[in-house]
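Each protein sequence line maps, in turn, to chains G and V.
The working numbering applies: residue 2 is where the first sequence begins, and numbers increase by one.
The working numbering applies: residue 24 is where the second sequence begins, and numbers increase by one.
No lab work stands behind these hints: they were computed from the structure.
Where hints are given, some of them may not hold.
Said to hold, decoys possible - Coverage of chain G stretches by chain V, computed from C-beta distances (three or more under 8 Å per stretch; other residues unrestricted): (1) 40-50; (2) 55-62; (3) 124-131; (4) 141-150; (5) 251-260.
Unchecked claim - Below, computed lysine-lysine pairings styled on PhoX-like, alpha-carbon distance capped at 25 Å: (6) Lys124/V to Lys6/G; (7) Lys28/V to Lys98/G; (8) Lys123/G to Lys124/V; (9) Lys98/G to Lys201/G; (10) Lys98/G to Lys124/V; (11) Lys201/G to Lys202/V; (12) Lys46/G to Lys257/G; (13) Lys28/V to Lys201/G; (14) Lys6/G to Lys202/V; (15) Lys151/V to Lys257/G; (16) Lys202/V to Lys123/G; (17) Lys151/V to Lys123/G; (18) Lys187/V to Lys6/G; (19) Lys151/V to Lys46/G; (20) Lys98/G to Lys68/V; (21) Lys81/V to Lys68/V.
Positions of the beta carbon are idealized from the N, C-alpha and C atoms, including for glycine.
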Amino acid sequence: MNANKIYPWYFSSGAIVLYLLFIVAPALLGIYYSFTDWNSYSSEKNFIGLEHFRTILAGDPTYLLFIKNTVLFTLITSIAKTVLGLFLALLLVSGVKAANLHRMIIFSPQVLSFLIVGLVFKSLLDPNNGFVNVTLRSLGLDVLAQNWLGSLTWAMPSIMAVDTWKGMGYIMVLFIAGLLAIPRDYYEAASIDGAGFGQKLFRITIPMLMPTITIATVLNITYGLRVFDAVYVLTNGGPGNATDVINTAVYSSFAKGYWGLGSALSTILFVIMAIISFFIIRLMNRKVEF
Amino acid sequence: MRVKKQLVSIGLNVLAWLLSLVVLIPFVVIVLNSFKSDAEAKVLKLTLPEKFVFENYKIVYEQGHLGGSFFNSLLHSTASSLLLVFVVAFSAFTLSRNHSKFSQFLYFFLILGITLPLNYIPLMEVMKSLGMINSHVGMILLYTAMGIPISLFITYAFVSNIPKELDEAAIMDGCNGIKLFLRIIVPLLTSVLVTVFVLNFLSVWNEFTAPLYMLNTVEMWPMTLAVYNFFGQFSAQWNLVSADIVLTSLPVLIVFLIGQKYIVGGLTSGAVKG
Numbered sequence: 002m003n004a005n006k007i008y009p010w011y012f013s014s015g016a017i018v019l020y021l022l023f024i025v026a027p028a029l030l031g032i033y034y035s036f037t038d039w040n041s042y043s044s045e046k047n048f049i050g051l052e053h054f055r056t057i058l059a060g061d062p063t064y065l066l067f068i069k070n071t072v073l074f075t076l077i078t079s080i081a082k083t084v085l086g087l088f089l090a091l092l093l094v095s096g097v098k099a100a101n102l103h104r105m106i107i108f109s110p111q112v113l114s115f116l117i118v119g120l121v122f123k124s125l126l127d128p129n130n131g132f133v134n135v136t137l138r139s140l141g142l143d144v145l146a147q148n149w150l151g152s153l154t155w156a157m158p159s160i161m162a163v164d165t166w167k168g169m170g171y172i173m174v175l176f177i178a179g180l181l182a183i184p185r186d187y188y189e190a191a192s193i194d195g196a197g198f199g200q201k202l203f204r205i206t207i208p209m210l211m212p213t214i215t216i217a218t219v220l221n222i223t224y225g226l227r228v229f230d231a232v233y234v235l236t237n238g239g240p241g242n243a244t245d246v247i248n249t250a251v252y253s254s255f256a257k258g259y260w261g262l263g264s265a266l267s268t269i270l271f272v273i274m275a276i277i278s279f280f281i282i283r284l285m286n287r288k289v290e291f
Numbered sequence: 024m025r026v027k028k029q030l031v032s033i034g035l036n037v038l039a040w041l042l043s044l045v046v047l048i049p050f051v052v053i054v055l056n057s058f059k060s061d062a063e064a065k066v067l068k069l070t071l072p073e074k075f076v077f078e079n080y081k082i083v084y085e086q087g088h089l090g091g092s093f094f095n096s097l098l099h100s101t102a103s104s105l106l107l108v109f110v111v112a113f114s115a116f117t118l119s120r121n122h123s124k125f126s127q128f129l130y131f132f133l134i135l136g137i138t139l140p141l142n143y144i145p146l147m148e149v150m151k152s153l154g155m156i157n158s159h160v161g162m163i164l165l166y167t168a169m170g171i172p173i174s175l176f177i178t179y180a181f182v183s184n185i186p187k188e189l190d191e192a193a194i195m196d197g198c199n200g201i202k203l204f205l206r207i208i209v210p211l212l213t214s215v216l217v218t219v220f221v222l223n224f225l226s227v228w229n230e231f232t233a234p235l236y237m238l239n240t241v242e243m244w245p246m247t248l249a250v251y252n253f254f255g256q257f258s259a260q261w262n263l264v265s266a267d268i269v270l271t272s273l274p275v276l277i278v279f280l281i282g283q284k285y286i287v288g289g290l291t292s293g294a295v296k297g
């Protein structure tokens with residue numbers, strides 16, 4: 002039986018053409034544009050070599066801040082979602098009543114657009130009349146009321162918290178699936194040997210969940226580095242540039258007409274993502290073999 | 024010992040409800056707020072409206088371009104999901120069955136897009152040169168392309184689990200590739216194709232970045248852009264903004280409730296086995 006005849010590769014041509022046209026071509030063009038001075042003010046695209054990369058990495062320190070913000074956002078939300086997701090999953094498989102209802106409620110923000118979630122929290126976090134501050138004041142905790150999205154100290158942590166609130170349900174669902182796949186016998190054997198909750202968690206549950214943790218981490222990191230909607234809707238990068246991330250900077254350089262520079266920023270993001278994905282997969286793969 | 028166990032169980036149940044409330048309360052505040060008068064909605068509190076103002080919804084519908092943008096979102100989501108199911112079913116079948124080096128390469132090349140960040144600035148250039156800026160066809164094709172990597176990943180694993188003996192039997196009976204695919208494989212793929220459809224429908228419905236770059240006429244806007252724009256105009260009137268948020272989230276929540284099994288199944292597939 003000749004596989005090429007029965008399963009001709011050109012059955013895939015629809016997917017391949019669309020993918021090449023809308024995903025690969027822009028990616029390659031973007032790398033090329035990174036080396037040009039393409040902008041809305043002149044019709045020519047001149048090759049200028051590494052000029053944009055010099056500006057971003059060594060010239061204007063605000064660009065380094067955007068990169069730092071992106072990495073920090075990714076790091077903290079990834080850890081928060083993984084820890085909270087695991088905690089929620091453990092709680093919901095521990096035999097609580099109406100576990101399916103809880104699972105559905107906690108997962109539900111995941112299906113909403115970040116635009117919606119962003120607008121909800123923009124109103125809840127309003128410094129004067131938002132739900133959070135109004136509630137804190139009515140409890141007599143005036144000191145804790147903050148200008149959540151407008152202060153240099155609180156804007157970034159607020160965005161991270163909102164993002165974690167939205168995304169933890171998805172990670173929880175992944176962990177529930179992972180937990181249910183662990184054979185019961187392991188725990189029974191451990192109980193007979195007198196293992197406590199902590200020992201079971203660190204000796205059985207977490208090692209057995211390593212494949213799920215790998216996937217969750219890769220998802221969290223690739224999502225985190227690409228973040229745009231969350232920041233754009235909640236603060237639009239403000240106050241000042243304090244919460245700008247790479248993709249909001251790409252959008253503002255696009256809006257200003259600095260298309261070559263924007264492409265260079267995208268290319269840097271592309272490189273960071275490629276490197277980090279590579280290392281994470283290698284690192285986690287090694288840990289799985291126990 | 025038994026008392027202690029019961030106390031732990033009560034504690035865990037209380038904790039689960041507290042955490043669910045953390046997720047629910049923001050929505051409850053918004054829903055309550057959407058029925059309040061302008062003055063009452065100035066301060067966001069967890070209280071019932073003094074009088075239910077249903078007119079908020081009428082104002083939002085009339086001034087928020089919700090009718091037209093609802094149609095745009097529905098068109099983009101449905102058409103791109105249908106097209107996606109079609110192209111992904113074909114490619115998952117051929118790439119997973121054909122074990123040549125070339126098809127293995129094509130598979131990895133296509134799923135690479137799961138992590139690849141989209142570069143919107145050159146994408147605009149590409150769409151412009153194809154005459155697809157501000158066009159429904161352009162958006163539908165773009166969304167289809169964006170959905171390919173993850174959908175192929177989900178479907179590919181599924182096809183691999185269909186025994187190859189089925190193919191052999193069908194070929195013995197005189198099927199060629201295309202007949203085998205349509206008569207034998209597609210019926211077996213129904214559930215995973217529904218998953219792909221539902222997941223893509225939701226993600227296109229929620230898409231905000233692509234339309235922000237690609238669509239600059241009000242008539243073309245999906246609901247996300249219409250809502251964002253509405254917020255820009257009425258940000259001081261939280262009762263209206265809340266009603267707008269409720270109206271926009273409803274279709275998604277309905278799809279979620281109906282397609283729950285498929286959504287969770289699709290999002291977790293592959294995660295357990297790694």
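Outcome of the hint check:
no.: 1; hint: 40-50; in the structure: violated (count 0)
no.: 2; hint: 55-62; in the structure: violated (count 0)
no.: 3; hint: 124-131; in the structure: holds (count 5)
no.: 4; hint: 141-150; in the structure: violated (count 0)
no.: 5; hint: 251-260; in the structure: holds (count 4)
no.: 6; hint: Lys124/V to Lys6/G; in the structure: 15 Å, holds
no.: 7; hint: Lys28/V to Lys98/G; in the structure: 15 Å, holds
no.: 8; hint: Lys123/G to Lys124/V; in the structure: 51 Å, violated
no.: 9; hint: Lys98/G to Lys201/G; in the structure: 23 Å, holds
no.: 10; hint: Lys98/G to Lys124/V; in the structure: 51 Å, violated
no.: 11; hint: Lys201/G to Lys202/V; in the structure: 52 Å, violated
no.: 12; hint: Lys46/G to Lys257/G; in the structure: 16 Å, holds
no.: 13; hint: Lys28/V to Lys201/G; in the structure: 18 Å, holds
no.: 14; hint: Lys6/G to Lys202/V; in the structure: 13 Å, holds
no.: 15; hint: Lys151/V to Lys257/G; in the structure: 19 Å, holds
no.: 16; hint: Lys202/V to Lys123/G; in the structure: 54 Å, violated
no.: 17; hint: Lys151/V to Lys123/G; in the structure: 34 Å, violated
no.: 18; hint: Lys187/V to Lys6/G; in the structure: 15 Å, holds
no.: 19; hint: Lys151/V to Lys46/G; in the structure: 17 Å, holds
no.: 20; hint: Lys98/G to Lys68/V; in the structure: 30 Å, violated
no.: 21; hint: Lys81/V to Lys68/V; in the structure: 23 Å, holds
Taken one by one, the earlier hints fail for this structure at numbers 1, 2, 4, 8, 10, 11, 16, 17, 20, listed in ascending order.
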